[in-house]
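Engineer: The primary structure of each chain is shown beneath.
Number of protein chains: 4
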Amino acid sequence: MSLNIAIVYGSVRSERKGIRVAKFLEKKIIQRGNNPSLIDPMEYSLPLLDKQFFETEKPSAKLKKLHNIFLNCDAVIVVSGEYNNSIPPALTNLMDYFYDEYEWKPSGIACYSSGNYAGVRAAMQLRAFLGELGMPSVRKIFSVPKVSESISDKGELISKELEKSSEQFLEQVEWYAQAVKDYKIKKGMLQA
Amino acid sequence: MSLNIAIVYGSVRSERKGIRVAKFLEKKIIQRGNNPSLIDPMEYSLPLLDKQFFETEKPSAKLKKLHNIFLNCDAVIVVSGEYNNSIPPALTNLMDYFYDEYEWKPSGIACYSSGNYAGVRAAMQLRAFLGELGMPSVRKIFSVPKVSESISDKGELISKELEKSSEQFLEQVEWYAQAVKDYKIKKGMLQA
Amino acid sequence: MSLNIAIVYGSVRSERKGIRVAKFLEKKIIQRGNNPSLIDPMEYSLPLLDKQFFETEKPSAKLKKLHNIFLNCDAVIVVSGEYNNSIPPALTNLMDYFYDEYEWKPSGIACYSSGNYAGVRAAMQLRAFLGELGMPSVRKIFSVPKVSESISDKGELISKELEKSSEQFLEQVEWYAQAVKDYKIKKGMLQA
Amino acid sequence: MSLNIAIVYGSVRSERKGIRVAKFLEKKIIQRGNNPSLIDPMEYSLPLLDKQFFETEKPSAKLKKLHNIFLNCDAVIVVSGEYNNSIPPALTNLMDYFYDEYEWKPSGIACYSSGNYAGVRAAMQLRAFLGELGMPSVRKIFSVPKVSESISDKGELISKELEKSSEQFLEQVEWYAQAVKDYKIKKGMLQA
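Chains as they are written, first to last, in our numbering: chain R, 1 to 192; chain P, 193 to 384; chain W, 385 to 576; chain Z, 577 to 768.
None of these hints come from the bench; they were simulated from the model. Think of the CB as a built atom: it goes at the ideal place given N, C-alpha and C, for glycine as much as any other residue. There's no promise every hint is true.
A partial selection of chain R residues facing chain Z, derived with a Cβ cut-off under 7 Å [unchecked claim]:
{"hint": "1", "residue": "Y117"}
{"hint": "2", "residue": "V120"}
{"hint": "3", "residue": "R139"}
Mimicking DSBU-like on lysine-lysine, the simulated pairs with C-alpha atoms at most 35 Å apart in a straight line are [to be verified]:
{"hint": "4", "chain 1": "P", "residue 1": "K332", "chain 2": "P", "residue 2": "K220"}
{"hint": "5", "chain 1": "W", "residue 1": "K435", "chain 2": "R", "residue 2": "K160"}
{"hint": "6", "chain 1": "P", "residue 1": "K332", "chain 2": "P", "residue 2": "K250"}
{"hint": "7", "chain 1": "P", "residue 1": "K378", "chain 2": "P", "residue 2": "K338"}
{"hint": "8", "chain 1": "P", "residue 1": "K209", "chain 2": "P", "residue 2": "K379"}
{"hint": "9", "chain 1": "P", "residue 1": "K356", "chain 2": "W", "residue 2": "K544"}
{"hint": "10", "chain 1": "P", "residue 1": "K356", "chain 2": "R", "residue 2": "K64"}
{"hint": "11", "chain 1": "P", "residue 1": "K250", "chain 2": "P", "residue 2": "K356"}
{"hint": "12", "chain 1": "Z", "residue 1": "K638", "chain 2": "W", "residue 2": "K448"}
{"hint": "13", "chain 1": "P", "residue 1": "K256", "chain 2": "P", "residue 2": "K352"}
{"hint": "14", "chain 1": "R", "residue 1": "K164", "chain 2": "W", "residue 2": "K544"}
{"hint": "15", "chain 1": "Z", "residue 1": "K638", "chain 2": "P", "residue 2": "K220"}
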């Protein structure tokens, strides 16, 4: 049985490049026989958080859609740039709308930059953020330096070095996701 | 000569409590003979960042006002809650619009929570964020646990224990701000 | 079948208090039907790291013992104080000797302080550290403020509020440990 | 008048490479007319911390020497590798012996790695660590990827790209150190 994997991208800038990383992972996940749901904050246009989903009396169709994606996924991958060595607010803002939806789901961190360091500093803050959301992140981080030169705007690899790294990353995410899913079924927390 | 101190508050939630901390510090700064500029993200309603101020062809009056506050201040104090152990996006989002404005200005971190730990985890991420913005933060962090019980909605102290802590905090911010200001004047980077 | 859980304590100070937290968790783990191995860095006296275990030609009996504990455990709990808002070096130093031993094992973070904030800042650095070691940490952090007033020197709870918190913490560690263990057996990575 | 700048190196491994970064900065500081004191933890052989300097009844000559270097310096530069995405324990351990000595002194972070990311994750933890020690770190981080290919074992640059980066780094450290020193003299905290 295939796994549902949400991919949350973290920028709404017109000239954003990291969407390439998200598209690449989306393709890869399909190739590997699983079901990605790419969440692009530009499509959701959520305002800076006032009320979380569970506090909202009449949530919008968009919020309900996100709620359902997170509720039904088996793992979450975040694709994060780095603004001032920190997590881009478009990413934390979208994810902060939800909480219980995430519980007992593993996560994976993909990070990128236009420069050499691939956003790994933001990735460390994400270890803390995702931990608190109940989604421990797997060891391997898929880190992409010089993103414009590494992946095309259609999400195809230019830098072949990233092939192996992305495979290891997705293997770890799938491994934890399947382990947790099996255990939930065993414990009656999830239907087979 | 008095110091210009910007206070940046980091929440736009209807039920936000940390605005009390910002108001308290605003009063304190006036009492101590300096000039605070309280920046409330609710008044500025900045969208999630697309272009930074310097990239914006025709910046709005609001953006220009922020630019001028940051350009002309001698120090910046951030007042931060903690969302999922991380910095609230309303805070990073507002500050990410600017960069050169901050250079060579000391900063201070105030943090708060409704619970016991006062937001100190977000404060650690702010050490990294403010460092990268060119605003090293002073040692003392003004941390306020149980904010609703500690400061009134008018910004007056209920918990007198915070009096001394806030004084030490502002002394350190002023100390660094004055040291840097004097040196800029000596070096011709600023007019006396 | 019971779980093997290593508990790594992180201080060698004569007047250390956090050993109370480690002893308390040790008892609790036994009560819950599992097998703790308490690792006290004072007993191991490892010098500041020169060579990791796998690089050491003739490892000492002590190093071999640690290697075996980590190799054979199903989860690792770290018990950490906070030195200057960071992880105590006695903790990182001991754990840095090993790497592959940790792979695919969940972890839990317990932190404490003599003051009010329970060491939660060090806990955030531990999210990053344990992630890189291949041991994603569970959401719940067992955090103990005012440690001397909360747990006796024999490891018995004085502050009954910590009872529920410790149960939730150990449940999460056991949950992930069992999920991962079952999956390893299913995949032939471990014998049943 | 020249500045006294302590350089604290953070590894005692036989095959350590970062000592090259420390030696390079030592030379540079001399060239720029200031006085470096290179602190190599291998020469001090401090055990894992039991008692801090101020708690020690009869401190060793080595501890006294360190105390005096920190007390009399105008700024501290740390040279840090990255162990498991975190600060090497040899660095925190040495620095944890002291506290008041550091007060009101700016700091600079130099980091390195054998790989591509130059230790920048440890640098973020150092922002927090140095902040708590009372030594806010300057914006610019001197980050050295592929250290063996970038600097010779005598501390000479192989990669000329690092020249400009090191100059900017030292300028910022000196700028803050001089600003703070001038202000201390003005306030009577230091003799001219």
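Engineer: For each hint, tell me whether it holds in the structure or not.
Structural biologist: Hints, one by one, checked against the model:
1. Y117: Result: holds, 5 Å to nearest chain Z Cβ.
2. V120: Because about 5 Å separates R:V120 from the closest Cβ in chain Z, which is inside the 7 Å limit, the hint holds.
3. R139: 10 Å, violated
4. P:K332 with P:K220: 16 Å, holds
5. W:K435 with R:K160: 34 Å, holds
6. P:K332 with P:K250: 39 Å, violated
7. P:K378 with P:K338: 44 Å, violated
8. P:K209 with P:K379: 42 Å, violated
9. P:K356 with W:K544: 32 Å, holds
10. P:K356 with R:K64: 47 Å, violated
11. P:K250 with P:K356: 45 Å, violated
12. Z:K638 with W:K448: It holds: about 33 Å lies between the C-alpha atoms, which stays within 35 Å.
13. P:K256 with P:K352: 38 Å, violated
14. R:K164 with W:K544: 50 Å, violated
15. Z:K638 with P:K220: With a Cα-Cα distance of about 45 Å, the restraint between Z:K638 and P:K220 is violated, given a limit of 35 Å.
The structure shown violates the earlier hints numbered 3, 6, 7, 8, 10, 11, 13, 14 and 15.
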